[in-house]
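Taken in order, these protein sequences are the chains called A and B. For the first sequence, the UniProt record's numbering assigns the number 1 to the initial residue and increments by one for each residue that follows. For the second sequence, the UniProt record's numbering assigns the number 1 to the initial residue and increments by one for each residue that follows.
Hints may contain errors.
Pairwise CB distance ranges (calculated) [to be verified]: (1) B:Asp-65 x A:Leu-156: 34 to 44 Å; (2) B:Lys-88 x A:Tyr-29: 50 to 60 Å; (3) B:Ala-139 x A:Val-151: 48 to 58 Å; (4) A:Ala-120 x B:Ala-139: 43 to 53 Å.
Keep in mind the hints are simulated off the structure, nothing from the lab. C-beta: ideal position from N, C-alpha, C; glycine also.
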Amino acid sequence: MTAPADRHSWLVLALLLVLAALPLLAPGYYVQFATKILLMGIAAMALNLVVGFGGLVSLCHGAFFGLAGYVLALTAPRYDPAALWWSLPFAVAAVALVALVIGALSLRTRGLYFIMVTLAFGEMLFYLFQDAGFAGGSDGTFIHYKPELAVAGLTLVDLEAPAQFFWLVLALAAGVILLLRHLLAAPFGRALRAARDNERRARALGFPIYRLQLGAFVLSGALTALAGYFAAAQFGFVAPQMLGWHLSAILLVMVVLGGLRTVAGPLLGAAALMGLEEVLKLATEHWKLVEGLAIIGIVLVSPAGLRRLATAAFGASASGGEHLAAPPRSTAEDTTATDRSIRHA
Amino acid sequence: MPDIALRAENLERRFGGLRAVAGVSLDVRRGEIHAVIGPNGAGKSTLINLLSGDLAVTAGDILLDGRSLRRLGPDRRGRLGIGRAYQKTTIFGASSAFENARLAVQARAGRPLALWPRRRAEQATDGLAEAALAAAGLAARGGIRADRLSHGEQRQLEIAMVVAGGAHVLLLDEPLAGMGTEEARTITALIRSLKAGRAVLLVEHDMDAVFALADRLTVMADGRVIASGSPQEVRRDQHVRTAYLGHGDPG
Numbered sequence: 001m002t003a004p005a006d007r008h009s010w011l012v013l014a015l016l017l018v019l020a021a022l023p024l025l026a027p028g029y030y031v032q033f034a035t036k037i038l039l040m041g042i043a044a045m046a047l048n049l050v051v052g053f054g055g056l057v058s059l060c061h062g063a064f065f066g067l068a069g070y071v072l073a074l075t076a077p078r079y080d081p082a083a084l085w086w087s088l089p090f091a092v093a094a095v096a097l098v099a100l101v102i103g104a105l106s107l108r109t110r111g112l113y114f115i116m117v118t119l120a121f122g123e124m125l126f127y128l129f130q131d132a133g134f135a136g137g138s139d140g141t142f143i144h145y146k147p148e149l150a151v152a153g154l155t156l157v158d159l160e161a162p163a164q165f166f167w168l169v170l171a172l173a174a175g176v177i178l179l180l181r182h183l184l185a186a187p188f189g190r191a192l193r194a195a196r197d198n199e200r201r202a203r204a205l206g207f208p209i210y211r212l213q214l215g216a217f218v219l220s221g222a223l224t225a226l227a228g229y230f231a232a233a234q235f236g237f238v239a240p241q242m243l244g245w246h247l248s249a250i251l252l253v254m255v256v257l258g259g260l261r262t263v264a265g266p267l268l269g270a271a272a273l274m275g276l277e278e279v280l281k282l283a284t285e286h287w288k289l290v291e292g293l294a295i296i297g298i299v300l301v302s303p304a305g306l307r308r309l310a311t312a313a314f315g316a317s318a319s320g321g322e323h324l325a326a327p328p329r330s331t332a333e334d335t336t337a338t339d340r341s342i343r344h345a
Numbered sequence: 001m002p003d004i005a006l007r008a009e010n011l012e013r014r015f016g017g018l019r020a021v022a023g024v025s026l027d028v029r030r031g032e033i034h035a036v037i038g039p040n041g042a043g044k045s046t047l048i049n050l051l052s053g054d055l056a057v058t059a060g061d062i063l064l065d066g067r068s069l070r071r072l073g074p075d076r077r078g079r080l081g082i083g084r085a086y087q088k089t090t091i092f093g094a095s096s097a098f099e100n101a102r103l104a105v106q107a108r109a110g111r112p113l114a115l116w117p118r119r120r121a122e123q124a125t126d127g128l129a130e131a132a133l134a135a136a137g138l139a140a141r142g143g144i145r146a147d148r149l150s151h152g153e154q155r156q157l158e159i160a161m162v163v164a165g166g167a168h169v170l171l172l173d174e175p176l177a178g179m180g181t182e183e184a185r186t187i188t189a190l191i192r193s194l195k196a197g198r199a200v201l202l203v204e205h206d207m208d209a210v211f212a213l214a215d216r217l218t219v220m221a222d223g224r225v226i227a228s229g230s231p232q233e234v235r236r237d238q239h240v241r242t243a244y245l246g247h248g249d250p251g
């Protein structure tokens, strides 16, 4: 069997291949901007594993994203770069562990309750870093040097060079697409979608639903951490806003824009949202307002994504609910300083 | 015949003050179709839900080949060999008939959640799924989306799925409900073919089908067993005549 998403993701992979020439053609600003898009795209694709393919709308993935950055900031030596070969696996493992705990508790609920419980856990992590002094509190903390990937003194990838950083992240994005494609076609992914489509039948057939969904949740959290680690490294700074619910909601908008049933769609959703933002910022002072209207427009024109999100959140009875346009609208229009800093992190 | 696959012992389920199932004991033997009949509200569906694990029992026990299932959830019971068809056909509508069958095989395979499956294991799963479709008379329909199959075919598919993973105890909840004559005949033949090597518990309102299929009959009323035995014995039973068959239309 091939998932309907498959043809689509080959197209995106080809696009990524073409994009690899970007550092040779475009000024550094655009290379860094493209890197940001790819990182947000990886996080959105990771989130979509549970939202689109698992039918579970999580609002704590922003916390996984930011937490990975904090792990990097806290484990990096002050006057030296962190060693990538251990600090990246460490950050991903730490976030996976947190996801395991949050998932183990949240997955006892469904639908709206699941959203609320994950939101609560995400906010707990936000306030932990906001109020506790150990990582700069609400001011955040700097990462002075980008992590170093070196073997025996020989630098393999120099992350201080934006082009090399970009290529590494590009390769990661391609790797995540291939990994997700594989997993979704494997028995694991088939069972995950089966549980989404008809949990009762899946359970009666003998699938251990709880273990299945917890596995997907942890995997999704770990991949989000991958993106968060590099985002923090690129920005050189972490602050509590990087793990607030706002980021979770932005990732969700990217997922809905890109399509819940596709592997690589959320990456395109990230590009669309961030590209739109970039263009609007040049054009008008009131870009947030225009962006919000644009997103509402896009979602209303192609409501399949939103309908599926509503199905996951409210159950099949709400699947006709195109009018439930609230989640993306409120995130897009809400104009706060924290929001701004996250998107440009 | 001592070959008891599934045994219910004094099963009880209360909903508040209502005893929906009040001390039901019955045996389902391998190679037999055991039909449970009774008027609406007799507790037949609750009984099936208790046996499948969709509902927790209040008291009593359920034994599968002598092993207590009382504390196991529906997924564990599924992997131990209990297969269930629901009153309202419960399949994966957006997937093809073949994918439905393959999920059923996969669920009871060695590694149902494998991340990196072996090619051989995948081929074996595909083969068993094809065989299950063929056995249910759906060999040519594998590529069709399940929700585009006819009502009867969907029911055939559900039964194929229940059998596909190697279930040896089948719980069928009104498999003939809503069927046309022709469809009902197909499903009846399919059910008869299932009992070889399996134990089948059948809840059904269609009395013609019940008397055509059942090797053993249990009659329930108000959550209790009022009669049990061969179809001939039950037909002659005076309690049954007054409590159930005498009341006219049972459906």
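Problem - Asp-65 of chain B versus Leu-156 of chain A beta-carbon gap, inside 34 to 44 Å or not - result: Given a distance of about 59 Å, which is not inside 34 to 44 Å, the answer is violated.
Problem - Assessment of proposed distance window 50 to 60 Å (beta carbons of Lys-88 of chain B, Tyr-29 of chain A) - result: holds (58 Å)
Handout entry: Satisfaction of the hinted span 43 to 53 Å by the C-beta atoms belonging to Ala-120 of chain A and Ala-139 of chain B
Key = holds (51 Å)
Exercise for the section: For the range 48 to 58 Å, tell me whether the beta carbons of Ala-139 of chain B and Val-151 of chain A fit it or not. Expected result: Holds: the Cβ-Cβ distance is about 57 Å, inside 48 to 58 Å.
Violation of the numbered hints given earlier is confined to hint 1; every other hint is satisfied by the structure.
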